[in-house]
Amino acid sequence: MTVTDVSATAPNAQGYRGFKLGGFHFSRDEFFVHLSWPTGKHVISADTFLKALQRDVAWDFFYGTVNFDHVFGTVNHYGTVDMFAGRFNDAYRKAELDHSENFDTLLIRETFKEMLDDWTNASFDPFASPTETGKPFGVKNGSNTAAVTRRRVAANRMVGVPGDEQIRTDATHPINRMFADVPQDDPDIHAEPGFEGEVAAYNLFAYLSRSDVTWNPSVVSVCKASLYCPTTEEYILPVVHGNDRVEWFVQLSDEIVWEVHDRDTGAPRSKVTMKAGDVAAMPGDIRHQGYSSKRSMLLVWENASPGLPELISTGQVSVYPVDF
Amino acid sequence: MTTYETKFGSLDYYEKGGIEVIDDDPKHYAFSNVFEVANASAPWEKVAVGKNMEYVLEVIRAEGTSEWRTCAHDEFPLVLDGEVTIELVKLDIPLVAADKHGSVSLGGEPIGKAMGRIVLRRGHQALLPANAAYRMSADTASVVLLQTIHGDDTIERWAEICLS
Ligand SMILES: [Fe+2]
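Sequences listed follow chains A and B, in order.
Be aware that the first sequence starts at 1, since it is given in my numbering, and climbs by one per residue.
Be aware that the second sequence starts at 1001, since it is given in my numbering, and climbs by one per residue.
Next up, chain A with everything else stripped away, as it sits in the complex (with noise of 0.2 Å):
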């Protein structure tokens, strides 16, 4: 895979390049993304589109279904990505004016992230909280690849363990301006000499206080399949997340408030609450967007099994957590 497979054009009067992949084409102006496919064309907020963007290349298209908004989006089949038009909107379904087209996700990632780095100017994060970074309109100037191509944090058996991923410090990781009353004390950890790199602890709290990005969950321990994604959340999710498998979330401070639909087609389902210590299985057939109005952690727990979600579409495993 090299650049130039990718399929850009030269720059636009407003600076930016346009891209085609597939029947899609994507071109930005000053303030939005205009799309277009075989059977209709779309328009998107730049600021929506580019923090949607930077979730779906930064997260390898997640698990399920990645809403743009109500109508664009991508559905990850791990190996392959269907990037759509329509397909989960029911109007669009009963007008049969939805579209959707497989990719290599070598292909799709690729044209992903030149168009997140060619879009995304100096001034802005599409990570960041909005009161933390500045907008993303006007026509191109400069770029933020160092902000857009972070590497996404990964522990292979937990965070603090030796050789594993480090905790994060004032250097580069300072205090997040609303998680300053976080105790930062580090456990007692005695380890006998020769079993320094299995005693091992951390305090998660204070790792999450010096987050720099929002919404972005990524793994401190690894139990075989089973994933802890812990995230700090404020503002908005700027993707309205469909499951393929039961996903669930342990509010571990402040409060977030989900907006829940049904996968397919978008009718709403639920509100739910979620204070510090609930936890709430979000079931394997909605789309679900939080909102948080002070920075707030959020334990996301994952089941990364292969299999799930292939069982779950064939009936084989409930799109529901638990029977009682």
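Derived by calculation from the structure, the hints in this document are not laboratory data.
Hints may contain errors.
[Claimed, not checked] Cross-link-like lysine-lysine pairs, in silico, DSSO-like; alpha carbons within 30 Å at most:
1. A:Lys275 with B:Lys1007
2. A:Lys224 with B:Lys1027
3. A:Lys140 with A:Lys20
4. B:Lys1027 with A:Lys275
5. A:Lys294 with B:Lys1007
6. A:Lys294 with A:Lys135
7. B:Lys1113 with A:Lys224
8. B:Lys1100 with A:Lys224
9. B:Lys1016 with A:Lys275
10. B:Lys1090 with B:Lys1100
11. B:Lys1090 with A:Lys224
12. A:Lys294 with B:Lys1027
13. A:Lys135 with A:Lys41
14. A:Lys20 with A:Lys113
15. B:Lys1016 with A:Lys294
16. B:Lys1027 with A:Lys271
Quick caveat: nothing in here was measured; it's all calculated off a predicted structure.
Chain B with the ligand: place on chain A using the hints.
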């Protein structure tokens, strides 16, 4: 400058959110609260608050001293309230089959080398390494959330803990 207060819960004080149903069944969300569960638990009960196939999240009310346990895979306790001490021993002979899910009681004292000791307070997460023996203790009632796999001693009482 605005000062912000970060809200964590505790056994003594927590607020519980909830579900506003539009077109659904609240049971589909298995909504519970770890402090409420721990308040209603006996010391060291392992109560599942999350379950995804064989994997579970267990709430443990840590109070007094636990029995010694061991497990064939890594487990990860996260303290959500109080203070918990963990002692670790490298067993001379692993006591459980490599494919055994969840931890088991040793039914006595471990035979092996002391690995060390960890004291965890709120927000601290530790590794319980596979095949080590471990014992926890807490002077006052504390709350542990354990990332593990469903085992013989995992308790499921969803109807009692979840919104319906
Ligand atoms: Fe999600």
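So, going through the hints one by one against the coordinates:
Taking the CA atoms of Lys275 of chain A and Lys1007 of chain B, the gap is about 9 Å. The hint holds against a cut of 30 Å. The hinted pair formed by Lys224 of chain A and Lys1027 of chain B meets the criterion: a straight-line CA distance of about 28 Å does not exceed 30 Å. Restraint check for Lys140 of chain A and Lys20 of chain A: satisfied, since their Cα atoms lie roughly 19 Å apart, inside the 30 Å limit. Of the supplied pair hints, the one linking Lys1027 of chain B and Lys275 of chain A holds, its CA atoms being roughly 18 Å apart against a limit of 30 Å.
Of the pairs offered as hints, the one joining Lys294 of chain A and Lys1007 of chain B holds, with about 10 Å between alpha carbons and a cut-off of 30 Å not exceeded. About 20 Å separates the Cα atoms of Lys294 of chain A and Lys135 of chain A, which keeps this hinted pair within 30 Å; it holds. Restraint check for Lys1113 of chain B and Lys224 of chain A: satisfied, since their Cα atoms lie roughly 26 Å apart, inside the 30 Å limit. Note on Lys1100 of chain B and Lys224 of chain A: the hinted pairing holds, with a Cα-Cα distance of about 13 Å set against a maximum of 30 Å.
This hinted pair checks out: Lys1016 of chain B and Lys275 of chain A have alpha carbons roughly 6 Å apart, not beyond 30 Å. A threshold of 30 Å between alpha carbons decides the hint, and for Lys1090 of chain B with Lys1100 of chain B the separation of about 18 Å falls inside it, so the pair holds. The straight-line distance between the Cα atoms of Lys1090 of chain B and Lys224 of chain A is roughly 21 Å, inside the 30 Å bound, and the hint therefore holds. For the hint linking Lys294 of chain A to Lys1027 of chain B, the alpha-carbon distance of about 28 Å falls within 30 Å, and the restraint holds.
With a CA separation close to 25 Å, the supplied pair Lys135 of chain A and Lys41 of chain A stays within the 30 Å bound. Distance restraint check for Lys20 of chain A and Lys113 of chain A: the Cα-Cα separation of roughly 13 Å lies within the 30 Å cut-off, and the hinted pair is therefore satisfied. The suggested pairing of Lys1016 of chain B with Lys294 of chain A holds, with an alpha-carbon distance near 17 Å, which does not exceed 30 Å. For the suggested pair Lys1027 of chain B and Lys271 of chain A, the alpha carbons sit about 14 Å apart, so the restraint of at most 30 Å is met.
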